[in-house]
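Chemist: What follows is each chain in one-letter form.
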Amino acid sequence: MTYLAAQADSFGDLWHNLADLTVSGLTQGSIYALIALGYTLVYGVLQLINFAHSEVFLVGTFGSIVVWGWLGYASGDGGGVPGLGMVILLLAVGVIVAALISGGTAVLIERVAYRPLRRKNAPRLIFLITAIGASVAIAEFVGVLTDRKPVGVPALVSPTTQWQIDPRDIGLDIQPVNITNLQIGIVLSAVLMWFALDSFLNRTKFGLGIRSVAQNEDTAALMGVNKDRVIMLTFLLGGLAAGVAAVLYNLKIGTVTFNIGFLLGLKAFTAAVLGGIGNLRGALLGGLLLGLAENWGAGFFGSEWMNAVAFVVLIVILMFRPTGLLGDSLGRARA
Amino acid sequence: MSAPEKVRPATFVSKVKAADAKRAAAVSGFRDRWSDLPKIWRILAAVAGIALLFGLPNIAIPGIPFRTDEIPNGTSFSFVLSSIAIYVLVAIGLNVVVGMAGLLDLGYIGFYAVGAYTVAIFGSPNSIVATEYPWLVCVPIAIALTMVSGVILGMPTLRLRGDYLAIVTLGFGEIIRLIAVNSAVTNGQRGIPVIPAPDKGLVEETFFPVGDFRSHYWLALVLIIIVVFAVRRLEHSRVGRSWLAIREDEDAASLMGVEAFKFKLWAFAIGAAIGGLSGALFASRTGFINSDGFNLLLSVMFVAAIVLGGQGNILGVTLGTVLVFYLPERFRFLEDKRELVFGVALIVIMVLRPQGLWPSRRRARELKDRKLEAKEAIVSG
Amino acid sequence: MRRTLLRTLTGVAVAAALVGTAACAPSDKSGDSGDGSCTYKIAMMGPITGDNAGLGKPIYQAVKLAVDKHNAAKADKCVTLVQSDDKGDSAIAPGLASNLVADTNVLGVVGPAFSGPTSASGDIFEQGKLPIISASATRPDLSTKGWTTFHRTLGNDASQGPAVGKFIKESLKAEKVYLIDDTTDYGTGLSEQASAALGDTVIGLEQIQPKQTDFSAVVAKVKTAAPDVVFFAGYYNEGGPLAKQLKAGGVEATFVGPDGIKDQGFITGAAEAAEGAIVTCPCIPAEKATGTFAADYQAAFGEEAGTYAAEAFDAANVFLDGIAAGVTDRAKMLEHVKAYDKAGVSKQIKFDAQGEIDKSVIVIWTYDIKDGKIVAREEIK
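Protein chains in written order, with my numbering: chain E, 1 to 335; chain P, 1001 to 1381; chain S, 2001 to 2381.
These are calculated hints, taken from the structure and not from any lab test.
Mixed in with the good hints, there may be bad ones.
Unchecked claim - Incomplete in silico selection of chain P near chain S, CB under 8 Å:
1) Ser1035
2) Gly1074
3) Ser1076
4) Val1080
5) Val1181
6) Ser1183
7) Gly1188
8) Gly1191
9) Thr1286
10) Phe1288
11) Asp1292
12) Arg1338
13) Glu1339
For each residue, glycine too, the CB sits at the ideal point set by N, CA and C.
Bound conformation, chain E alone:
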């Protein structure tokens, strides 16, 4: 076939697009990282894969779209991008609403699907099954509400180039890359959110509570820590991060369907494991690395192998360093 000639030099392909792939990998990785925070927090405290976390993210995406719709900004109404002040206001409202809805959903899942099992001290596999149940139920609920059709996001930010980096200036044969305001915003927001969570965990009394339960829940209970409240708080924090990720995702991708959660959740979980599950810094690092690996892999092997690259990286990492890059355990690593 004719296109084979154009495909011949995979490595040249990757090298040529390296700058572009790197930037998009970091952007994508930031979103993985934010979702991964939720997995990592819950795992750190309960040693539990919150399989339904992907749907916590999903409701956030729809929540922000609905609230923007109420404020008069829907997709495809041809209004163009609103003024700067309005955009900031809309984004703020969107982030707050998405974070609250996601956080609320996370807490609800904890109450309905996990807490009764914790009372019975059920094995972790059972939690996994109720989590799957919750995940299916929420995704399908959204599917029924939206008629299983893609829902568009209003154009709040039109990506404009902020910087151009041209590696050819320093003699590298790499195509120049334009970095847009949106990409900068996404990466910055992710790092900020991570920083806020990290500070919360390390500098506040609530954070101390979470860390103490993560280290040894029985001892923490003996010392007067209200375990249920700490666990709820953990779910809430993970939900808030997922809500922020949801808005960033909306701005970046521009459409949402009811079934996006599963794969994205899987990737984010992969990112969490990659960095060392139960470890906030690990989630950030893992997210960014996974984004990069995927995009570079797609550049080299072709986009159809993008997901395969992600999982191969995961398997290789776990084989040689089973606790992830930065080690696991929220309690120990941060103590």
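Mind docking chains P and S on chain E? Use the hints.
Modeler: What follows is chains P and S alone, placed relative to chain E:
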């Protein structure tokens, strides 16, 4: 927030719990009485039960519309039965890995896919090799290949424990699916048609006519009985006891001289082989496979099915699989809310009965112990 | 002991009663497309639930519209519509097919919607001599399997692909074309056909995955290649976000897509990036169509007719015209379908010997997307 434990009057929840406890007692009472029966009675009852299963595609009871072809917008009952029988076989294989050896394998569907594709590639005239081997030749190849892939996956990953193993196997399942989608050998979503019936080339008049799936069901049933027999023997042998020990406490087991890695690898290989066998059945029954049939969600559903039914217990696992895969076919009138109802039902059942609907006795006892521990923890905390 | 037994029996009876009532509830409801006294049935087979439900729904609604219209006009020859939800899954389709074949009152099937399920169930329909007309399965080899019962109301990939190539080369005068397909058999089929027609002008090919949402790697590659035209062979679910992200990534090329993106869902997904995109489709524009299909659909379901709705409406009408003309069995229906030659809303409906739309009446149109609407551009001759 108020204190976590309050003394409450008999609420709905506590009533349901009490009723549930009563039912559980009735079940175990039934079980005791069953094992008290003379052996000849038990054998007779089992034979009658199996006969009923074999007759199922031809049975209809007026007034109880359990057949999926009696309802509006329904589907062929023998087809549903054959699907369920194949899935039960998958679940029995997965139960070896999850229920007996305690290894959480979320990518089990990968083995099922390897088995199905092996039969398709070697059996179909439309595949890349077009060897057109008969089904009976393809099946051993499929089983051998899946065992090998089980060992290949197990060798590097079985050093991992718990959730890490789960996520690695999930990744493996996804990689197999992506290969099915993208590779030229499997022909992606276009798939491989004209997969031979199990008796093709052996007899003049086939027992597997187009559009009639009863023979496929019966064949699957026979294989289930054979496999169940074999697995039960295994369970009560040295291998089975090693699995049990590893499941309970791997470190203690190793200390007592159980070669944990070796037996875990065996569990993987045996589970994989059963998965491959069911894949082979599936490919032949459907006559056409493509990459759509092997998504990860199905893998997760199998784990859900065996936990729902009661892991470790073959009958419980069967019950779980039947429920997970029969009910959505039967309740087609719920239309696009079927899955939603399924998700909610999964939560409710697992919260009320974490041990599953029909657990193995040992598992039920383990859970009771854990529950007591939890109570003590609350009292002492 | 007797009491437990009694209680168990009561429990079983109650459960059976519940199942029984549950089963009766929907059958009362099914009267809304023709009351229960209608003898003959036509079926729609395609995804109603699951990930692909978005593509099945317009097809189902269009068939329902046709049936309702028919029943209103010919109450004495009214028709019941059967909905066979295959989820677009070839592992479910054969059971439904066999159930439809078993019901001799079913005289025709609109579907299966997808090529995979069609491949998996074609033999069963053929064996039952039940005529099927798919409104959306475009894989070329479906018509060459020797099935006399298979028909479709749209051109296959082999007819659309070359026309797309010709259009891009001659009308758009593109010198550099980038192909992207979605690894479904629809997408790969089209991109292969288009690639053959475009020859040297193709400067790159990328494949994305169904359900993929982030296309940054593709965008990076396309941007470097700087094509004049990007041809995306796939469905609107991925096409919308892809177009949006291409534009956001600074790709200025004209976005061209096939009938799989001719849906309001594409415009929702791509938003402002949809402006200026071009859609090719083997269907004639609504304003050139006879009758009031578009308006009726809008009135009945409160939304614009989606992808393949017009084709499905035509397919249903082929069967309904037969029943109106007094056809009472499948053999007669097959003859009627073979001899059919009438203007439909998507095109002239006339099948050739293999069940394809007659080559002489296939028209391929292009559409512009302007101000969030799909408007006719020109016919590719």
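Chemist: Can P/Asp1292 be said to touch chain S, with a Cβ gap under 8 Å?
Modeler: holds (6 Å)
Chemist: Does P/Gly1188 pass the interface hint, meaning its C-beta sits closer than 8 Å to a C-beta of chain S?
Modeler: Where the cut-off is 8 Å and the nearest Cβ of chain S is about 6 Å from P/Gly1188, the hint holds.
Chemist: Given a cut of 8 Å on the nearest C-beta pair, is the interface hint for P/Gly1074 held or broken against chain S?
Modeler: holds (6 Å)
Chemist: Against chain S, with CB atoms and a cut of 8 Å, does the hint on P/Gly1191 hold up?
Modeler: holds (6 Å)
Chemist: Any CB of chain S closer than 8 Å to the CB of P/Ser1035?
Modeler: violated (15 Å)
Chemist: Interface hint check: P/Ser1183, Cβ to nearest Cβ on chain S, cutoff 8 Å. Holds or violated?
Modeler: Violated: closest Cβ of chain S sits about 11 Å from P/Ser1183, beyond 8 Å.
Chemist: Is the hint on P/Phe1288 kept, meaning its closest Cβ partner in chain S is under 8 Å away?
Modeler: This interface hint holds because 4 Å falls under the 8 Å limit.
Chemist: Can we keep the P/Glu1339 interface hint, with Cβ of chain S closer than 8 Å?
Modeler: holds (7 Å)
Chemist: Is the interface hint for P/Thr1286 satisfied, with its Cβ closer than 8 Å to some Cβ of chain S?
Modeler: Cβ of P/Thr1286 sits 6 Å from chain S, so the hint holds.
Chemist: Interface hint check: P/Ser1076, Cβ to nearest Cβ on chain S, cutoff 8 Å. Holds or violated?
Modeler: holds (4 Å)
Chemist: The hint names P/Val1080 as touching chain S; please verify it with the least Cβ-Cβ distance against 8 Å.
Modeler: For P/Val1080, the interface hint holds, since the closest Cβ of chain S sits about 6 Å away, which is under 8 Å.
Chemist: Grab the minimum C-beta distance from P/Val1181 to chain S and call the hint holds if it beats 8 Å, violated otherwise.
Modeler: Given a least distance of 6 Å, the restraint on P/Val1181 holds.
The structure fails to meet hints 1, 6 from the earlier list, while all remaining hints are met.
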